[in-house]
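Just add 2 to the spot in the sequence shown (first one is 1) and you have our numbering.
With a straight-line Cα cutoff of 35 Å, these simulated DSBU-like cross-link-like pairs (lysine-lysine) come out: (1) Lys17 - Lys187; (2) Lys274 - Lys28; (3) Lys28 - Lys80; (4) Lys301 - Lys281.
Computed beta-carbon distance windows for the label pairs: (5) Val165 - Ser121: 27 to 33 Å; (6) Ala234 - Lys98: 23 to 29 Å; (7) Ser178 - Glu118: 30 to 36 Å; (8) Phe180 - Ala44: 16 to 22 Å; (9) Asp85 - Gly222: 40 to 46 Å; (10) Asp109 - Gly45: 31 to 37 Å.
No lab work stands behind these hints, which were simulated from the structure alone.
Idealized CB from N, CA, C, for every residue including glycine.
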Amino acid sequence: MSVLVISEHDNAELKEATLNVVTTAKALGGDIHVLVAGADCAGVGEAAAKVDGVAKVLVADDAAYEYALAEPMADLIKGLAGDYSAVLAPATTSAKNIMPRVAALLDVAQISEITEVVSEDTFVRPIYAGNAMATVQSSDAIKIMTVRGTAFEKAAPEGGSAVVESIAAAGDPGISSFVGRELSKSERPELTSASVISGGRGMQSGDNFPMLERIADKLGAAVGASRAAVDAGFVPNDYQVGQTGKIVAPDLYVAVGISGAIQHLAGMKDSKVIVAINKDEEAPIFQVADFGLVADLFKAVPELEEELAKIGL
3 MSVLVISEHD NAELKEATLN VVTTAKALGG DIHVLVAGAD CAGVGEAAAK
53 VDGVAKVLVA DDAAYEYALA EPMADLIKGL AGDYSAVLAP ATTSAKNIMP
103 RVAALLDVAQ ISEITEVVSE DTFVRPIYAG NAMATVQSSD AIKIMTVRGT
153 AFEKAAPEGG SAVVESIAAA GDPGISSFVG RELSKSERPE LTSASVISGG
203 RGMQSGDNFP MLERIADKLG AAVGASRAAV DAGFVPNDYQ VGQTGKIVAP
253 DLYVAVGISG AIQHLAGMKD SKVIVAINKD EEAPIFQVAD FGLVADLFKA
303 VPELEEELAK IGL
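All chains should be modelled from the sequences, with the hints used to inform the complete structure.
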């Protein structure tokens, strides 16, 4: 049987999270099909067809899917799912909204945020904020899963030559409608695609985050935050790294003024190199850090900026 991957995109660009899911699908065996559902999304379908390992791309181009509302998306996926042994999607905000509804419509259990494929019916996923790993075996005819992208390498975005097939829309059930959205605009990279400089409650105020932004700009990094900093109103919600925010695993993660609560560690502990700056030498963040500096961040960060300037950054 084939595997269906639900793509993540903005109707113009295929998101990198889809590439991680394609790698996961390869581990399941069988042909890999990618669903691109959106409005005026032909370019995304073409990009998906070039991904290494993809055999077919299904493009559902209809106004009903422009904003990836859960109800019309779930109805579309339900109609396609019978042809597949598994349906996979990245564990992003959008897919977390859609996939549980798909599972309910199919009357099967969802397996969330898998980090390893043991066999075609057995998977590993984190529980207890990543402090334990559960091995889950499913007997469902169709496996509905979300994938923690940081656990899998990205498939090559070039090298494939998949067939692109247009499919009919399933129709809009009319039980939800798009009202509006407010997006934070930034020229910095997305949290999930670059090194990250994150600030916590120790930053004391949102007015102090520009010092981290200057470091991030020098390093080509994204700016993140702990839940405590977000809840305090220092920065917007989309900065949040952690179990209830974004899960990241960059080459470099710098935690500034972050104590290291369990929910934050769950979102960044798989980073390749972790650097922590905190004046509390007992802070839990030092237990996972590769490099730790016990210092006042308001002294250490400006000094770091000066040192970067000396080497031309």
